[in-house]
Amino acid sequence: MLAKRNPALFYLQRAGFYLLVVVIAFYLLFPFLWAVLTSFRKSGDLGLSPFNFIFNAQTTFSNYVTVFTNDSFIRGLGYSLITAVGTVAVSIVIGSFAAYALGRFRFRFKAAVLYIILGVSVFPQIAVLGGLFLVIRNAGLFNTPAGLIFSYLIFTLPFTIWVLTSFVRDIPGELEEAALVDGASPLVTLFRVLFPVMMPALVTTGLLAFINCWNEYLFALTFTSTNRTVPVVIGNFSGATQFDQPWGPIMAASIVVTIPLIALVLIFQRNIVSGLTAGAVKG
Amino acid sequence: MTNIGKVSTGVPVKRQRGIEASRAIQALWLLLPALLVIALVAGYPLVRTIYFSLHEASLTNPEQAKYLGFANFWFTTKDGIGLGFFQDSKWWGAVGNTLLFTVVSVVLETILGMIIALVVNSAFKGRAFMRTAMLIPWAIPTVVSAQMWAYMYNDNFGLIGRGLLGGQSALADTTTAIWALIAVDVWKTTSFMALLILAGLQSLPSDMYEAADMDGASKATQFWRMTLPLLRPALLVALIFRSLDALRVFDVMYVMLGPNTAAQTSMTGYARQAMIDNSQLGLGSAVSVAIFLLIMVIVVIYVTAFRVKFD
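Here the protein sequences line up with chains A and B, keeping their order. Those letters in the first sequence? Residues 3 to 285, by the numbering used here. Those letters in the second sequence? Residues 231 to 541, by the numbering used here.
Please note: incorrect hints may appear among the correct ones.
[Claimed, not checked] Only part of the chain B face toward chain A is listed, based on derived beta-carbon distances under 10 Å:
#1 L270
#2 A272
#3 L276
#4 L342
#5 G356
#6 W379
#7 A380
#8 N386
#9 D403
#10 L425
#11 L474
#12 L477
[Said to hold, decoys possible] A few chain A residues facing chain B, derived, Cβ under 7 Å:
#13 A103
#14 V130
#15 G132
#16 W249
#17 S256
[Claimed, not checked] Covered stretches of chain A, as calculated for chain B (at least 3 residues, CB under 8 Å):
#18 109-118
#19 151-161
Calculated directly from the structure, the hints in this document are not laboratory data. Beta carbons: idealized from backbone N, C-alpha and C, even for Gly.
Generate coordinates for the entire structure from the input sequences, incorporating the hints supplied.
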């Protein structure tokens, strides 16, 4: 309508809108792109003016060589992977049992159980830090991935149960009734009948749990001393002095740990968005 | 026993009850692992934290805990020296900084998130790209974003530190550092806010806007009178979760400012320094209990003030 009535104003509005889009895209992406660029620059070039830094400085892979020959970083990647995958596996199995019970069975105290789970998901981690430290140390799990997996269940499990429960509730009952009539036990029903239907929700919760574990810092810092996960390794990266931070390698390491997450986000965009909104709206 | 009423229901009541009871027992077995894990990883540690908050205890030797009452919170020696953390100005500094950080960053994230969500919700070329770009800051680990920004704030090499601030170190002083960190947090989490608001926007009925257009309501009126009130429930839940997240802030402060300064800017940093770095398990636990209570009070205020319903 406006295009016909007042073309000048229309195009001005359009231009303004696209300018806003460009500003937003720049704001969201620039810090990351700047880190990517820095990871390909020599430390001697960091002092160049932005123009020379972008266009005239030499491209180098030396920061990536430094990072991939750094023993603690490589081991950090391994520990992060074991911890994240282990936590996802445990919380998916235990969480789907609980979600099946909460979404499909009738029993007393169900509301109470749901409130406890919701309550745990708003727990500040610091409230359990000391107690959890003692539990982990007494169990001989200090400085092990098993200890971290155990501690990470405090935030992955409530979320997994909450999202899966609302999903299980919406699955049509006929599927399960048929299995029950055939005399299948609850576990068989869960694995054979419900799991295939639950796949999208399992992927979503698994991905979000994986990302949360991969990024976790406070527990990893506190419950390990040498077997560090990558966030702690990167947080501790430092040069000989405070004024000699190895920014190039830090950026290279940062890019290396971020790339898998960005790849997951790009591939599973839909699942992640639905999981985030379900998680936030429902608990 | 052969009662006509029972026969007419098809299934004998007794057997019906038997099925219900056995289903309930099966449900408990299915729930057991989750409840056990939650008890071990959350319940028991929380009880221990409360227990140690009333004791003098060392992290290296927690068995020899000495009962103190509330002395970890408030205790004045004969010489008039306050030993409780409530008497420590550093603690109140951490509380003040955390609250400032939370209020400012959550408000800014909500406003920016709303703008981004409204932009991305309208139809234009490159919309799919923008929706993907929105996820990038969210997907970046907090520690990584902290390092990225620490580099940009660096007074020798950083774009912001050397360029915009002319060689000033924004992170050297806690009063400026808190604003620098707010900028980092806003960058990292605005996109999360925008995602949640966008999901809310997409659930609004489009025929309502068509009717408003017919009636000649301006876009601004439509936003204030229709969009905002309808978004309220989604917005409030997002606000609660972001506020709770911001109140437990730790990573970004610890990585960008170091353990000592983080203890002056983050409540969690203060508690962790007492408990882990200084091995004062009792004192650190007392601080943790205070943080826990503060956060619970804020949850209750939110839920009652805005009558948020979880279901």
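- request: State the violated hints by number, sorted upward, taking the hints as numbered earlier in the document.
  value: Going through the list in order, the structure violates hint 9 alone and respects the others.
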